[in-house]
Amino acid sequence: RKEVEQDPGPFNVPEGATVAFNCTYSNSASQSFFWYRQDCRKEPKLLMSVYSSGNEDGRFTAQLNRASQYISLLIRDSKLSDSATYLCVVNTNAGKSTFGDGTTLTVKP
Amino acid sequence: SAVISQKPSRDICQRGTSLTIQCQVDSQVTMMFWYRQQPGQSLTLIATANQGSEATYESGFVIDKFPISRPNLTFSTLTVSNLSPEDSSIYLCSLTGQLNTEAFFGQGTRLTVV
Chain E
973 RKEVEQDPGP
983 FNVPEGATVA
993 FNCTYSNSAS
1003 QSFFWYRQDC
1013 RKEPKLLMSV
1023 YSSGNEDGRF
1033 TAQLNRASQY
1043 ISLLIRDSKL
1053 SDSATYLCVV
1063 NTNAGKSTFG
1073 DGTTLTVKP
Chain L
56 SAVISQKPSR
66 DICQRGTSLT
76 IQCQVDSQVT
86 MMFWYRQQPG
96 QSLTLIATAN
106 QGSEATYESG
116 FVIDKFPISR
126 PNLTFSTLTV
136 SNLSPEDSSI
146 YLCSLTGQLN
156 TEAFFGQGTR
166 LTVV
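Keeping their order, the protein sequence lines are chains E and L. Counting in our numbering, the first sequence runs from 973 upward without gaps. Counting in our numbering, the second sequence runs from 56 upward without gaps.
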């Protein structure tokens, strides 16, 4: 079993749609949780951190459930520019990042 | 966040040769890492670059194939040795924030072995 598992996707949605990505992790000692965005042929860039209390940044909402070892990302009112691969990332206290395989989102007009 | 400069951005290399990738950071950082992203796949950690000592390699990666240097807190190199087509990949250097939390990446090096 992979340490970090994501929805395989791909997700193809129309503009304005709401889309949710799910992620589970196996290491209960994991300390920090993030969603990254990776555009084609580019390096991953931090989208947002994920906290147990849930956090929101504009159209993006992230949620962490430590008991279930589950992380989610919700994107509301999808834009064409949201098309990318979204990576679920889990860190240990040693600072090492473990990446999910990524979920590809394509937003269509 | 620190500014990370990675070079070369891409290279095409012959089988059996080696490529050295450099990563320069504009401030001193504790943790630096090297990742590989094979075509269509996610990132896999190669090793942690330790300042002044040998790198710590993940399972499946060895020093002879991926020698790493880190002479100071702002610079590291990764060499991919004895290249084969299977080494064609993107290689990324990474560092963590001051609280050793989120990771930041260099621009990546796209390697093609022919």
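Don't read these hints as lab results, they were simulated from the structure. Since we're looking at a predicted model, the values are computed, not measured. All residues carry an ideal CB built from backbone N, CA and C; glycine is no exception. The reader is advised that the hints may include incorrect statements.
Said to hold, decoys possible - Far from chain E by the CB rule (all over 10 Å, computed), these chain L residues:
hint, residue
1, CYS68
2, GLN69
3, GLN96
4, THR99
5, LEU100
6, THR103
7, ASP119
8, PRO126
9, LEU147
10, THR156
11, PHE159
Said to hold, decoys possible - Selected chain L positions facing chain E (in silico; Cβ < 10 Å):
hint, residue
12, GLN61
13, THR85
14, PHE88
15, TYR90
16, GLN92
17, PRO122
18, SER149
19, THR151
20, GLU157
21, PHE160
22, GLY163
23, LEU166
24, VAL168
Claimed, not checked - Beta-carbon label-pair distances, calculated as ranges:
hint, chain 1, residue 1, chain 2, residue 2, range
25, E, CYS1012, L, VAL58, 38 to 44 Å
26, E, TYR1042, L, ASN137, 39 to 45 Å
27, L, GLN77, E, GLY988, 28 to 34 Å
28, L, PRO126, E, ALA992, 34 to 40 Å
29, E, THR1064, L, SER124, 20 to 26 Å
30, L, PRO63, E, SER1040, 18 to 24 Å
- Non-conforming hints, listed in increasing numerical order: 3, 4, 5, 6, 9, 10, 11, 17, 23, 24, 25, 27, 28, 30
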